[in-house]
Amino acid sequence: MVSDEGATLQGTTTREGFAVLGHAIRREPGIFVLSTLGSVLFAVLTVADAWVLGWSTDNVVIPAFETGEIGTGLLWTVLALFLGVAILRAVGIVARRLGAGIMQYRMQAHTRRAVTRQYLTLPMEWHQRHPTGQLLSNAYSDVEAAWGPIAPLPMALGTVVMMVIAVIQMLLADVVLAVVGLLVFPAVVIANLAYQRLASPLMTHAQGLRAEVSEIAHESFDGAMVVKTLGRESEETARFAHKAEMLRDVNIRAGRIRAAFDPTLASLPNVGVLVVLAVGVSRVTSGATDAGDVVTVAYLLTIVSFPIRAIGWLLGEFPRSVVGFRRTQAVLAATGSMEYGAARIPALESGAHLAVEGLHYAYDPAAPLLKGVSFDVAPGRTVALVGATASGKSTLTSLLTRLVDPDAGRIAIDGADLRDLERGALAGSVALVPQTAFLFDDTVRGNVTLGADIPDEEVWAALRAAQADGFVAALGDGLSTRLGERGTSLSGGQRQRISLARALVRRPRLLILDDATSAVDPEVEARILASLRAGSTDTTLVVVAYRKATIGLADEVIHLENGAVADRGTHTELLGRSRAYARLVNAYEQAAHEESL
Amino acid sequence: MSTTATTRSTSAATAMDSGADIGAMDTIRRGVAISPELREGLGVTLLLAVVASCGQVVVPIAVQQTLDKGLNGPDGPRLSYVVWLGIAAALAIVVTSLASYFMTKRLFTTSERGLATLRIKAFRHVHDLPLLTQNTERRGALVSRVTSDVDQVSQFLVFGGLIFVVSVGQILVATVIMVIYSWELALVVWLCFAPLFMSIRYFQRKLSEAYGVVRHQVGVLLGAISEPVVGAAVVRSYAVEDRTQHRIDTAITDFQGASVRAQKFTVVSFSLGGISAGLANAGVLIVGVLLGFTTDMTAGKVLAFAFLVTLFVGPVQMGTQILTDAQNAIVSWRRVIGILETPADLVDPGPDGQELPRGPLDVTFDDVTFAYPDGPDVLSDVSMHIDAGTRVAIVGETGSGKSTFAKLLTRLMDPGSGAVLLDGIDVRQIAQHSLRTSVVLVPQEGFLFDDTITANVRYGKLDATEAEILASADELGLRDWIDALPNGLETRVGQRGESLSAGERQLVALLRAHLADPDLLVLDEATSAVDPQLEMRIGRALERLMQSRTSVTIAHRLSTAENADEVVVVDRGRVVQRGPHSELVTQSGSVYAGLHNSWIAQHTG
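Chain order of the listed sequences is P and A. Note that this note's numbering has the first sequence beginning at 1, numbered continuously upward. Note that this note's numbering has the second sequence beginning at 1, numbered continuously upward.
None of these hints come from the bench; they were simulated from the model. All C-beta atoms, glycine included, are put in the ideal place defined by N, C-alpha and C. Among these hints, one or two may not hold up.
What the hints assert, rightly or not - Over the 12 Å line for every Cβ pair with chain P, so calculated as not near, a few chain A residues: (1) 226; (2) 424; (3) 483.
Unchecked claim - Distance condition first, Cα-Cα at most 20 Å in a straight line; then the derived DMTMM-like pairs of lysine to aspartate or glutamate: (4) 243(P) <-> 450(A); (5) 69(A) <-> 296(A); (6) 243(P) <-> 215(P); (7) 243(P) <-> 37(A); (8) 121(A) <-> 573(P); (9) 548(P) <-> 450(A); (10) 121(A) <-> 222(P); (11) 243(P) <-> 151(A); (12) 548(P) <-> 573(P).
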């Protein structure tokens, strides 16, 4: 039963594998035809090689030895035939392999472009549901796996042609010898299939173990500091070694199978040649055939036997390819792009008017996070959003910048519903500085301007307002310093300040700070807040805050509790009338008070 | 004259080795030194390889014998001779196949064992690298060195190495047999292949360069792909989709271009072999026929030679192919070896290491200076003493050097000059295990492993029982927090602990530190704000954790400085003020007074 299932599974994989190749062929027919022609040329000429040898044997070598004389013309013909075949064959190899390579890399590029376009189009909700590691491997290793069989494809197709030609040639030379030789092909194919059947499960297992080894390494290196400070290097190494040794053992087991099949596959054609010789000699004895035909058949067998395995390589790539293709297709098939309208926000100098009406939002329908949030912020005002952890403040900021759309309710900027705005319109007026700063692998300038045409003086001014001018000036190349992957060369607080400058340089009409200075030292934060207060007279400002200094910047405080606005007013008013609010913001002082008791 | 052929072969072979890349041979030598398994039983494996490669000439000899003696012999075709010859050849095939089986099996076993050793050694060494090196390397690059790079080497050693050994064996055997048959024809074959052998060096260099570019582009591509994923929110909120896509497209195109370029060199170098083969075939037939007029050359010999040439061509093409792949593998191998050759600058004193006594430690900084490579001094001539059992807060502006104190105390880095002493012993003289037991750092970001809370806190004490963990939680006042979690201690924390909030991650880190029960606790206080109520809980747990030990806190909060026995104020790499908070705060115009004012401003608004 199990083997039956295995067979069905294998059958499906083979069919799907061909379907994947079909996609590639339809997408890149030109280069496919070129490489296949190259392969066929190679195949034909490989067989022609045998024919040239046979012809030379019968018409040049044997007559020459029998008669003891040879014409120069014949010798030149031999040279021209062999060399011509060889050069054409080299052309065939170049066309086949380069063609296959180009086709493979083009398909990789097509899929990578399509997949990354999806990443940029799909809504944030989709991103939140998919782990980073998975998306990275979808766009890199899955793409590579999906198009893996393109490399051996032309060779395998050429082999089929070669086999057909070889069979015809053998039949033409001598039917009986050809039949003997023909038995070799199915034997090689069967041996190959048996090998795939035995080795595939081990290969799959090894692939899984490789992923586990990689995960452990990733996590362990991520936590290198903890490992080091607690002196747990040996335990971590043992954890890694356990999986690495399992991988080693599976690979050794797979190796044993290969060790058994390699010589088997290699000797089948050899045995065939021996049988052909024995039968051939008996037929020469009986006068049924001549020596040249025996040579031709034997030679054809030896040269065709190795390429037959290309078919095995092609089929062997299928399981990986099918899995990779399915995974990339899942990304491409994902739907839910954000719809945009045609409205624009008037380009005013003054701050934007923000209206939030009856906002509902839930990540999990069973536990709604926002349950009817409504508030209104007049142009140029500064409002602080205050609430306990997980009260929905960050979610609210992503709704305000339309990273996600609400389940119900609406958000309007200067009267325009965010969903009616045309693509990119919101970013022209609204800037969000998130809790966790994200920097691009680019220069400081590139990270602040994001490609917009902004003069350096304005970049410096924004950096100054974000208190980042000092350390940026101290970097090797100033604004032109490259920050490296995700800005790893900077501290958390420095990254936050660059991210803040990115928002400020745009002079947004609505600026939203989601606890954007959390990793900045208090005295630096104080200076940032001072410059924000000084410069934000015509900007509407919404800040998510814990610290009193940040709250103190606000004209008004909105206290979020249980997914709704619990109260709204100045900090002093709320302190006076809301015990929950007072408890929240005074926790520091309370702690200090309790200590002193 | 047959020596001429052999000499040629040797000189070509030398050119191949040294010419391909001296560094390559060096890499293999070092690689084998790291994984001695690779050398195990190599003699026997080579012997088997020689026997196995003999298998490849069994059939051509049989063909030649058949043609010469069975078919065209003086007595006409002799069937019984051919049958007996066939049986002998079949037996030879069985023997050589068995040799091939054992050789492959042995190669797989030794290679995989050797590479597992390499992988594990490299993994361990990454943890032994200085913090600075760990932090400057891209995580992905470090991971790929112990994963895909090792796999690359494995592919080469197992498949390439094995086939290369066989190929070289076959080339030699084919050459020897060719020479035995006819040294003149053997010379013709070698002459036809000479241009190929001489061009190998050039192609190897080109390939090495081309694959170097490909590998670099892979890194760029991975970085570009990660931007729309990791930075999804930023890309959207700034509407820079087009720019991001453009950056990705450029990386994709560059990678494609580099790959195709490398493929071109591979293909051209490979196709040259075929042309040489055609030349050799023609040469053998022509020279063979001509020789027939003057020597005892027979038609059978010439035809057998044609077979021998295919046996020569096959392995030569294989060998060229493997040398191409080897470029990839060697660079990968070099990258893994590169990890092991990066010095672990914090050397464990080993058996000479001293053990720290248990109980609160005192700390001495003796004229300590520290600078990052090529950077200015972060700490200059710092000397200070901290009494055992006291609670010290180190404060200072960003970039003042205060975090460096924590790293020097926990020996994540060593000072450039001067010494850090614990109980009078230079930390460099203390055995690592003793230091890690007595001194524990709680870093700013409480990194957690993707496992349960229990598993994570056990990093502090490997054999901690659940009862012990709960008792610790009680002592820190965290019991009700744990009870409120969905699965209590068995709650899984997610990747990097991200299922928990930042504050909760800190609680787990504190619990972990409490179980570790250090004598010197070094805390890098988290700056990121959490909900004040959680913050209070963290504060209380910290208080209890610091009891009855020496503690040094890199402080970012006023309350921490206020509660410390002593505050050390750092400014531009020097200690500028020291004393209790109540005293320092009165020194108007001082650095501390400035810090204090900004704290006050922050919390009163």
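Comparing the hints with the structure gives:
1. 226: The claim is violated: residue 226(A) sits with its nearest Cβ about 6 Å from chain P, within 12 Å.
2. 424: Nearest chain P Cβ is 22 Å from residue 424(A), so the label holds.
3. 483: Holds, since 18 Å exceeds 12 Å.
4. 243(P) <-> 450(A): OK: residue 243(P) and residue 450(A) at ~16 Å, within 20 Å.
5. 69(A) <-> 296(A): At roughly 15 Å apart (the allowed maximum being 20 Å), residue 296(A) and residue 69(A) satisfy the hint.
6. 243(P) <-> 215(P): 10 Å, holds
7. 243(P) <-> 37(A): 19 Å, holds
8. 121(A) <-> 573(P): Status violated; Cα separation ~63 Å.
9. 548(P) <-> 450(A): Given that 20 Å is the threshold and the Cα spacing comes to 35 Å, the pair is violated.
10. 121(A) <-> 222(P): 18 Å, holds
11. 243(P) <-> 151(A): 14 Å, holds
12. 548(P) <-> 573(P): At roughly 14 Å apart (the allowed maximum being 20 Å), residue 573(P) and residue 548(P) satisfy the hint.
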